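*Asks:* Sequences listed follow chains A and B, in order. Per numbering that gives the first Met the number 0, the first sequence starts with residue 0, numbered consecutively. Per numbering that gives the first Met the number 0, the second sequence starts with residue 0, numbered consecutively.
Hints were generated in silico from the structure; no laboratory data involved. Keep in mind the model is a prediction, meaning the values are calculated, not measured. Check the hints yourself; a few may be wrong.
[Stated by the list, open to error] Straight-line distance between alpha carbons at most 35 Å, and here's what the computed DSBU-like set of lysine-lysine pairs gives:
#1 B/K188 to B/K312
#2 A/K581 to A/K463
#3 A/K538 to B/K116
#4 B/K40 to A/K584
#5 B/K232 to B/K301
#6 A/K43 to B/K2
#7 A/K581 to B/K119
#8 A/K463 to A/K584
#9 A/K584 to B/K128
#10 A/K538 to B/K36
#11 A/K584 to B/K116
#12 B/K116 to A/K463
#13 B/K40 to B/K30
#14 B/K116 to A/K541
#15 B/K232 to B/K312
#16 B/K316 to B/K232
#17 B/K30 to A/K384
[As the list claims (entries may be wrong)] Just some of the chain A residues that point at chain B, by a computed CB distance under 10 Å:
#18 A167
#19 S283
#20 G324
#21 G357
#22 G385
#23 V400
#24 P482
#25 K506
#26 L510
#27 Y534
[As the list claims (entries may be wrong)] Partial pick of chain B residues on the chain A-facing surface, computed with a CB cut under 8 Å:
#28 F87
#29 P109
#30 W152
Every residue gets a Cβ at the ideal spot worked out from N, C-alpha and C, and that includes glycine.
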Amino acid sequence: METHAHTATHDMDHQAGHTHHHEHPKLSFIEKYVFSMDHKTISKQFLFTAMFMALVAAILSTLFRLQLGWPGHSFPVLHYFLGDRWAKGGVLDPNMYLGLVTIHGTIMVFFLLTGGLSGTFANLLIPLQVGARDMASPMLNMLSYWFFFIASLIMFISLYLETGPASAGWTIYPPLSALPQAIPGSGAGMTLWLVSISLFVVSSLLGGLNYIVTVLNLRTKGMKMTRLPLTIWALLITAVLGVLSFPVLFGAAILLIFDRSFGTSFYLSDIYIGGQALSQTGGSPILFEHLFWFLGHPEVYIVIMPAFGIISEIMSVNARKPIFGYRAMIGSMLAIAFLAFIVWGHHMFVSGMNPFLGSVFVFTTLLIAIPSAIKAFNYITTLWKGNIHFNPQMLFVIGAVSTFISGGLTGIILADSALDVAVHGTYFVVAHFHIVMGLSAVLAMFGGVYHWFPKMFGRFMNKKLGYWHFWLTFVCAYGVFLPMHFIGLAGVPRRYFNNDLYPAFDKLQHLNVIISVFAIVGVLSQVIFFVNFFYSMFKGPKSEQNPWNSNTLEWTTPIVPEHGNWPGELPVVHRWAYDYSKPGKDVDFIPQTVPMEEGEMDEGEHV
Amino acid sequence: MIKLLAYLVLIFALILVFQLIRIYQLSAELKGNHVGKANDKDNRSQGRVMIIFVLAFFASLIWLLFDAKGKMLPPAASDVGVTSDNVFMFNWVIIFIVFFATTFLLFYFPFRYKKQKDSKAFFYPHNDKLELIWTVVPSIALAVIVIYGLSLWSKMTGPPDPKAMVVQVYAKQFDFTARYAGADNVLGKSDYKLIDDGANNIMGMDSTDPNSWDDIIVRGELHIPVNTPILFKCNARDVMHGVFFPHFRDQINCVPGITTEIHFIPTITTDSMRMIQHDTAFDYILLCNRVCGSGHYNMSMKVVVDSPDEFKKWMAKQHPLFSHLYDMHHKQAVTTAMK
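So here's chain A without its partners, still in its complex pose:
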């Protein structure tokens, strides 16, 4: 404790020499809470919007799980949400089923796990953990949120269209997504989808560029790249991935808009539909697949990378141990990020592309398993001989590593083109990506909320409710996706409204019931989280200066930081972020602001 107290005085002495010239004029309510340029407020705005969107997507999933668990059954709740138009007599309409699946996927991937996850934590943590007063461009940052907000709004509104929302699956492969004759959702629903996603890309680029510039240019004195917390490394790499890949999705969307509205044939060729031969010829739907997955695959790392960062930070703090292999963790993230750009073809083994190209993608994809394995082993070693504090966030990140391992391992099968063709497009794939990407990222995101709640709102969340929330969520998550592998291995394709066409599939109906029950209970248990969140926001116990005894800079600001984050001078960094339980010290943590003692080794610097 002495060292810590010493730094505090040192810092105060340091600050006393300078006058505080960051006087802010009083902001109006609108400037402070609505069109705010403060990264902390923007972070909360992202979080709230993403929570709302996630709630919508979760409800959508329970609606189609009702149909899949009890096909053709009448449910008043379906009628309540979808009305006579889409659930006459409480029975789901097959078109709406596809609409629900599509919008569930789109919201979860883009709005929760990209916008929500990066938006919340990059905004909150980058300035606070690198020691900056705000983002490099607060204005662009604000715009980033408002583009996200409008995109969310448009996507949400598309659910209420007469012809239904986009229904071609979240991957919106043309020609299905291009031709309203093929499916009603490809009318106005698809138009709104494309508009919404285009705006989303704008938001993502504005945010991403800002994150990159802030990390590279606004690090405080002493904050070398090798002293950055892994959260920041992760968010930086995520932003780079996003900036390089999202424009390609934008291009793909623009070309699709042209095909839909202006008679071009980028993706369309030799089509006969609705009793007439279309004039478009020469285009290729496979082109769309290439463009889509050129974003789509980095996208899954855009989703999982911030989760890696959050897991590393929370695990280290709560195990009271340095993260094992800090350099290897950075290296493996860089390797994953690089490889992320040359594996997209593994989504296309059945597309009809050249099989030799397929084998190249098999090779690069299985290469990614190596850095991923390093990460998993390093996390487990971080727990080994730790001093583990079971705060709720620790449970969530352990859960996230578990799902990352379980889902990653089934990825070995799907990366192998010869095996992929046996299970491609079945529930095996659905189970795989929900576990490895969806659950890992969602669990890490929850962990992050519990961990940084005291920084966001100056209060603690209730741990008992946190425990209930974690175990119910975690058990239900596996309850949904573990049996789902078996349904896939039995050959049941995804996106089927029911499985009536092949009698052998009936043998698996009991698993579908189990999945649906777990899914519904799992979604309902999120009520615990929402109650805990909103109660604690106003009435939770007040936070302390450094509630988890962390080393990182965000805990050196006032408990609830004002605009500008540090009232005096910016903190100066003297060491890496992971000096937990360093031998020969009285306390089990040494904040980054504490100067090195004579002869002390900086572990971040090791060769």
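Position chain B relative to chain A; hints supplied.
*Replies:* For chain B alone, coordinates are given in the frame of chain A:
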């Protein structure tokens, strides 16, 4: 009215919950417990739950494995499928070993090293040797997996047997149509602008191409002879569709504008598979596996693997769409020869 009441009940329930949390929070604070931070008691109980969870997790996985018996796909019924099942099994062994080992440690360590009074963490920031080991070992394992997998992939996608029987699978919303290439084993040209459902010219076959005269169109059932290499040429009329043969472990998309191909040798007739499965109602199936519209879930075609004799008999009953042209041409040829 009932709706209003329901909303009121919901609101009161929420208020009740909030009050309960408040009471819990106050009583905890009175006892000197922190509501937000874990104490040693939490560490003990959560550590125990970790162990209970991991055991229950493994148990449920094992239950699922037993439960799946007899409900999964039958043994593969094609040459590539048999190898595919072997590669699958090889991968599963590796996956299960790694899964059980890492998952157990992941939940055991938190239990074993939970914070208790006076406990301390071991400062262990890195160990290059250890990290090298778990870089190299997975690399070797993955190299083996890649080589084994790609050897099958090259067999699957390599050039088909030159004598393979050519069958076109034509997909449209929401059914499949098969076209057999006939005696010449060459599919005639087709053009989407010639499609005429009224004249039963579903795939727009071009009657000016003599190769098309003996082509046979079949709907409803896809018959293939056992132990014969089959080359499927796949096309789509309107949107993308998927040709998925779960029992033969193979799959390809049907894409408007291009022709995609898969080939395999069916190895078990439908009758034999019925015996193996002890199920007289068993049938192979071709499923659409690329979402294609509201009827996607109903898009399939029954597949029948015949013995060569049965196949010949079945084929003899089918007639080419352009049989009149075929007959005319045949007669002309005969007359010319007589002259």
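*Asks:* The structure should be examined with respect to each hint, and the outcome stated for every one.
*Replies:* Going through the hints against the structure:
no., hint, in the structure
1, B/K188 to B/K312, "holds, 27 Å"
2, A/K581 to A/K463, "holds, 31 Å"
3, A/K538 to B/K116, "holds, 30 Å"
4, B/K40 to A/K584, "holds, 26 Å"
5, B/K232 to B/K301, "holds, 17 Å"
6, A/K43 to B/K2, "holds, 33 Å"
7, A/K581 to B/K119, "holds, 10 Å"
8, A/K463 to A/K584, "holds, 32 Å"
9, A/K584 to B/K128, "holds, 27 Å"
10, A/K538 to B/K36, "holds, 16 Å"
11, A/K584 to B/K116, "holds, 18 Å"
12, B/K116 to A/K463, "holds, 21 Å"
13, B/K40 to B/K30, "holds, 14 Å"
14, B/K116 to A/K541, "holds, 25 Å"
15, B/K232 to B/K312, "holds, 24 Å"
16, B/K316 to B/K232, "holds, 23 Å"
17, B/K30 to A/K384, "holds, 31 Å"
18, A167, "holds, 7 Å"
19, S283, "holds, 6 Å"
20, G324, "holds, 5 Å"
21, G357, "holds, 7 Å"
22, G385, "holds, 5 Å"
23, V400, "holds, 6 Å"
24, P482, "holds, 6 Å"
25, K506, "holds, 4 Å"
26, L510, "holds, 8 Å"
27, Y534, "holds, 5 Å"
28, F87, "holds, 6 Å"
29, P109, "holds, 5 Å"
30, W152, "holds, 4 Å"
In summary, this structure violates none of the numbered hints.
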